[in-house]
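J.: Turn these sequences into a full structure, and let the hints guide you.
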Amino acid sequence: MFIEYGELSTLFYETTKPVGTELDGDITAYKEHLGATTGKILEAGVGTGRMLIPLLQAGFDVEGVDISSQMLSQCRKNLKAHQLTAPLYEQDLTQLALPTKYEAIIMPTGSFCLLPRNQALQILRAFKAQLVEGGALIIDSILPQDFTVGEVYQRTLPLAEQTGILFTSTSLEMDWVKQQTVALHRYEKLEQGTLVQTELSRFVLAWYGIEEMTMLLQAVGFTSVAHSINETLVTFYAN
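Be aware that the sequence shown starts at 87, since it is given in the numbering used here, and climbs by one per residue.
Some clues are possibly wrong.
Beta-carbon label-pair distances, calculated as ranges [as the list claims (entries may be wrong)]:
| hint | residue 1 | residue 2 | range |
| --- | --- | --- | --- |
| 1 | Thr-284 | Gly-145 | 41 to 51 Å |
| 2 | Asn-316 | Glu-247 | 35 to 45 Å |
| 3 | Thr-107 | Gln-240 | 14 to 24 Å |
| 4 | Lys-103 | Ser-314 | 20 to 30 Å |
| 5 | Arg-288 | Glu-317 | 21 to 31 Å |
| 6 | Ser-255 | Glu-219 | 42 to 52 Å |
| 7 | His-168 | Leu-245 | 19 to 29 Å |
| 8 | Val-263 | Gly-145 | 43 to 53 Å |
| 9 | Glu-247 | Ala-122 | 45 to 55 Å |
Below, a list of computed lysine to aspartate or glutamate pairs in the EDC-like style, where the Cα atoms sit at most 16 Å apart [claimed, not checked]:
| hint | residue 1 | residue 2 |
| --- | --- | --- |
| 10 | Lys-275 | Glu-247 |
| 11 | Lys-126 | Glu-108 |
| 12 | Lys-126 | Glu-189 |
Hints in this document: simulated from the structure, not taken from any laboratory.
Backbone N, C-alpha and C fix where the C-beta goes; we use that ideal spot for every residue, glycine too.
T.: Next up, the structure:
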């Protein structure tokens, strides 16, 4: 019934957030977070390469993993367009098994919050297993704000003279017990006023308390956990 990170949502993301687009300064921030890291880095939820490519251009040795074949396909195109190469893996993070150990694993700008809450511990454990001894995990968690049940947001995205995507987001649910928001995302591709393709996504965004995430990270074996707060974005640093 629903398609997560399909063809239209990938096209919408790539067009509205192309390679190098800063989301509240996140690319600059992650360059600073990674600092003098010289070993291999894994970006989990790499998507279309919006952050991957600027990190490669800055001299970092970065690989990417994502569950979406559509996103990875676009990422490969973007790498080629920028005359860069990087290993990309299509895997479910709950079953992460890569041939490399990493000095750092990153999951920027709330991507971790897109994962099912009941799989969080399993995914963090998989991250820990993919790190070298003393390796660092840096992830962002988004705290909820401005979510009103029933609110509808629309945006029209032109693709060509007679072609575009109509994006509609309908806020469905704020669940304080499960700590998640649910929205229905509808992508409609129009050509000369005619609907030619539709994609529906059930967009679930989880959130985590600071102490909660700290305990989760400690539970999988991280002994040093710190955090910083930028408005509603909390960045956790664990090793």
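J.: If any of the earlier hints don't hold here, list their numbers in rising order.
T.: Hint 11 alone not satisfied by this model.
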